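Visitor: Protein chains in written order, with this note's numbering: chain C, 11 to 124; chain E, 730 to 840.
In short, the hints are calculated from the structure, not lab data. Computed from a prediction, not measured in an experiment: that's the story for all the values here. Each residue gets a CB set at the ideal place from its N, CA and C atoms; glycine is no exception. Misleading hints may appear alongside valid ones.
[Said to hold, decoys possible] Computed list of lysine to any residue pairs in SDA-like fashion (alpha-carbon distance at most 20 Å, straight line):
no.: 1; chain 1: E; residue 1: Lys-797; chain 2: E; residue 2: Glu-768
no.: 2; chain 1: C; residue 1: Lys-79; chain 2: C; residue 2: Ser-97
no.: 3; chain 1: C; residue 1: Lys-67; chain 2: E; residue 2: Trp-823
no.: 4; chain 1: E; residue 1: Lys-832; chain 2: C; residue 2: Arg-54
[Said to hold, decoys possible] For the chain E half of the interface with chain C, some residues (derived, Cβ under 7 Å), not all of them:
no.: 5; residue: Tyr-761
no.: 6; residue: Glu-768
no.: 7; residue: Leu-769
no.: 8; residue: Arg-772
no.: 9; residue: Ile-828
no.: 10; residue: Phe-830
no.: 11; residue: Lys-832
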Amino acid sequence: EAQVTQNPRYLITVTGKKLTVTCSQNMNHEYMSWYRQDPGLGLRQIYYSMNVEVTDKGDVPEGYKVSRKEKRNFPLILESPSPNQTSLYFCASSAKSGNSYEQYFGPGTRLTVT
Amino acid sequence: GENVEQHPSTLSVQEGDSAVIKCTYSDSASNYFPWYKQELGKRPQLIIDIRSNVGEKKDQRIAVTLNKTAKHFSLHITETQPEDSAVYFCAARWRDDKIIFGKGTRLHILP
């Protein structure tokens, strides 16, 4: 089954404690992306990657890191989380070419930073 | 700056009537415009998309129109049904492959 998986689905942590949210896709997609979703602000892109070893900043990259060492994985790293990073996070992937750039979203990770 | 504006933020329509959601974008080089539907507690899912070389696209009760000159695109849902109640997001893909989403429209279908 074609899918994007994220782990963990829920996470409560404390300020300053490094964490990683994993994202994996099995569709051989080149393009992967991380978003955060906050009430009234919609989906905001954090980082995206066009292919292995290629990453670019989205709209709100401050406080986040990513890596793309393998095509299927695109982890999101928060080196020193702060309460303003409490949010719902989505990973997504899509093909890079063709008629549609449809993004397939993961199930979401709800992060609370206290 | 890079921006996608979406209106209205909330829309209520009577079941069976039509709903229209509008978006404008700032980058004239944007070439791909998807619409996503997000039901409560679920992930966004693509419902329709359009490329910049096409003016209109239709899929059953859903259609999207694009006006490149004015830099705006719209989602049209006809014969609305209760299951159309959700939050809808428009988006634009920028020339550098960044994707900017609108802030969303909460659509209520009234019985």
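Visitor: A separate judgement is required for each hint: does it hold in the structure or not?
Guide: Right, here's what the structure says about each hint:
1. At most 20 Å may separate the alpha-carbon atoms for a hinted pair to count; Lys-797 of chain E and Glu-768 of chain E exceed this at roughly 29 Å.
2. Straight-line distance between C-alpha atoms of Lys-79 of chain C and Ser-97 of chain C comes to about 26 Å, which puts the hinted pair past the 20 Å bound.
3. Among the hinted pairs, Lys-67 of chain C with Trp-823 of chain E is consistent with the structure: their alpha-carbon atoms are about 13 Å apart, no more than 20 Å.
4. A C-alpha spacing of about 9 Å is found between Lys-832 of chain E and Arg-54 of chain C, which places the hinted pair at or below 20 Å, so the restraint holds.
5. Residue-level restraint check for Tyr-761 of chain E holds (minimum Cβ-Cβ distance to chain C is 5 Å; threshold 7 Å).
6. Because the smallest distance between the Cβ of Glu-768 of chain E and any Cβ of chain C comes to about 12 Å, over 7 Å, the interface hint for this residue is violated.
7. Proximity of Leu-769 of chain E to chain C is violated relative to the hint, the smallest CB-CB distance being about 12 Å (cut-off 7 Å).
8. Checking Arg-772 of chain E against chain C: minimum C-beta separation of about 4 Å stays under 7 Å; hint holds.
9. A least Cβ separation of about 6 Å between Ile-828 of chain E and chain C falls short of the 7 Å threshold, and the interface hint therefore holds.
10. Using the Cβ-Cβ criterion of 7 Å, the hint placing Phe-830 of chain E at the interface with chain C is satisfied: the shortest such distance is roughly 4 Å.
11. With a least beta-carbon distance of about 4 Å to chain C, the hint placing Lys-832 of chain E at the interface is held under the 7 Å criterion.
Checked against the numbered hints given earlier, this structure breaks hints 1, 2, 6 and 7; the rest are met.
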